[in-house]
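Asker: Here is what each chain is made of, one letter per residue.
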Amino acid sequence: MLVVLFGVSVVVFVVARAIPADPVGAILGGNAPLDVVEDMTRRLGLDKPLFDQFVDFITGAARGDLGVSIKSNRPVIKDIAEFFPATLELAIVAALISVLLGVPLGIFSAVHRNKLIDHFCRVFSILGVSMPVFWTGLLLLILFYYHLGWLPGSGRVDIFTVVPPRVTGLLLMDSLLAGDFGAFKDALLHIILPAVVLGYSSTASIARIMRSSMLDVLRQDFIRTARAKGIGRKLVIYRHALRNALIPVVTIIGLTFGGLLEGAVLTETIFGWPGLGRYIVNSLLLLDYPAIMGGTLFVAVVYSLVNLVVDIVYAALDPRMRV
Amino acid sequence: METEGSNIVVSRRNLMLEDWKHTLYLWRQNKLAMIGTVIIVFFIAIAVFAPLIAPYDPVKVDLSQALLSPSFEHIFGTDQFGRDIFSRVIYGARIEVGIILLVTVISGAIGIAVGITAGYFGGVIDEILMRITDIFLAFPNLILAMALSAMLGRGVFNAIIAISLVGWTVIARLSRAEAMKIKSLPYIEAIRALGAGNLRILLLHILPMCMSPVLVQLSLRMGSIILTAAGLGFLGLGAQPPTPEWGAIVSDGRSYLVDQWWISTFPGLFIALVVLGFNLLGDGIRDIMDPRIRR
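If you're matching them up, the sequences are chains S and L in order. Residues 43 to 365, numbered by the working numbering, are exactly what the first sequence covers, in order. Residues 2 to 296, numbered by the working numbering, are exactly what the second sequence covers, in order.
To be clear, the hints were calculated from the coordinates, so they are not data collected in a lab. It is possible that some hints are incorrect.
Below, in silico cross-link-like pairs of lysine-lysine (DSBU-like), each with a Cα-Cα straight-line distance of 35 Å or less [what the hints assert, rightly or not]:
1. S:K157 with L:K32
2. L:K22 with S:K157
3. S:K276 with L:K32
Predicted model, so just to flag it, every value in this text is computed and none were measured.
Given these sequences and hints, build the entire structure.
Answerer: Shown next as structure tokens:
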């Protein structure tokens with residue numbers, strides 16, 4: 043894990059430094075006097091050899107110091123702390139939606155295997171992963187925001203809503219903690235569209251695993267025994283089969299969560315969601331390289347951690363995985 | 002049973018033929034896979050015959066025709082520069098096919114090379130190559146692809162390289178596992194006893210045996226390649242205007258979405274359809290390959 047993290051920071055550093063950017067010019071503008079430019083170069087540490095810069099970056103990152111963003115002129119780590127909860131909140135709600143959609147779809151598919159319901163459920167879930175999120179997002183915005191006016195179009199809350207005091211950074215949580223139901227409702231309305239778009243896009247993998255794992259379980263002897271003992275069909279499906287079939291689904295949910303961090307990049311761009319994905323896109327477009335390095339490194343660390351947790355949970359749930 | 006004596010060669014061929022027939026049968030039975038196949042055949046036909054289908058030049062600017070709504074002359078309407086959306090979408094199919102082919106070839110080549118080398122030699126080489134793979138796997142795909150294409154400079158070709166550099170890891174893991182399985186088989190030992198060198202064994206005896214699972218995996222990933230490329234194009238980090246890449250066209254129409262919905266809607270619809278085709282087929286392939294469902 044540590045070796046991989048070190049490698050990750052090497053990749054991040056190389057990629058960011060290879061981006062053709064002129065950070066000093068970006069801060070000072072094109073016409074700055076030469077000695078000011080030199081002074082700034084020295085202060086940013088850009089006059090040192092690349093290797094020393096890399097050592098600075100690594101030691102800084104280990105201490106949680108990711109440098110100062112060129113655009114916002116604030117420490118990158120502060121920016122991340124501000125933007126990441128929004129992404130986390132979006133990913134959690136989206137994961138919830140994809141589970142609520144994917145698990146029933148998978149069960150229906152398996153129970154009615156090769157019938158019309160099965161085909162419908164499969165096409166419905168595959169459609170989700172096939173439609174580009176940015177396109178679905180735009181169309182839904184047009185429909186629900188512009189034409190129907192039912193849902194707000196961008197951001198996490200209305201400008202006039204008083205944001206509850208920040209505890210977790212997750213607005214839904216914070217507003218509940220503060221007992222502010224107006225803010226809660228507002229935040230909920232804002233999160234619906236992006237979360238549905240994002241969640242629908244990862245429904246297919248959950249539905250697929252749920253279906254095949256359910257088919258697998260339904261074929262086993264203990265199910266036949268249970269049926270033979272005269273237990274009703276529904277009870278067998280939901281009591282006996284579902285419980286066993288859910289194990290592989292748990293891992294997929296974890297992996298999906300990692301994928302949601304990725305999908306968030308596009309969703310956040312469409313919905314003006316002030317999260318980490320949009321932060322990284324903006325810094326890439328503006329060539330704000332400390333922000334690019336910090337943001338990418340952070341996402342990679344979170345992504346690896348999620349995958350690690352998934353592995354551990356899987357081992358804990360499925361005794362066959364233990365070696 | 003006729004699997005005796007000199008019949009053995011013939012009957013084995015018959016068995017393989019039977020297996021193929023069964024596969025074909027399963028594939029025909031699988032309605033969703035058939036639909037997927039039809040969509041993809043259409044998609045490829047559009048790409049091949051684009052100049053015959055498209056009525057206008059996809060990049061020619063004609064401001065007198067700007068922002069026309071769909072009509073008989075322009076069935077998908079025109080964009081802010083008077084370019085015919087239908088023609089752009091049709092020519093876009095060529096770009097998408099090119100992206101898919103190049104990404105598949107490049108990422109497949111890197112993945113197989115890394116994978117079979119690691120799997121065959123094992124030990125330190127395996128350790129090093131797999132750690133490198135892990136490093137690339139630690140990034141979410143799209144984010145690494147974004148950073149790489151920003152590094153390489155925007156453009157279709159650089160986007161292709163970026164997506165390939167992100168996508169090889171899965172192939173590497175798969176072909177490593179295959180190579181590890183194959184290298185302990187007796188026939189490899191026999192070839193080595195005959196004096197074959199490592200390179201010869203790798204290229205002529207291990208590589209061909211790895212191909213079929215790798216090819217299946219590569220075909221399963223084609224849909225997501227389009228989505229990633231379109232995502233990059235949409236963010237402005239992939240294909241640049243006036244290249245008629247579908248994601249880039251959707252992005253073109255973003256600021257006109259409210260009144261000129263057709264600019265973004267049609268290319269997006271094509272992305273959705275083609276990716277749906279690939280995913281339906283991929284789902285079908287997985288069902289057909291699944292030994293539990295197969296018989």
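Asker: Where does the structure disagree with the numbered hints, that is, which hint numbers, in rising order?
Answerer: none
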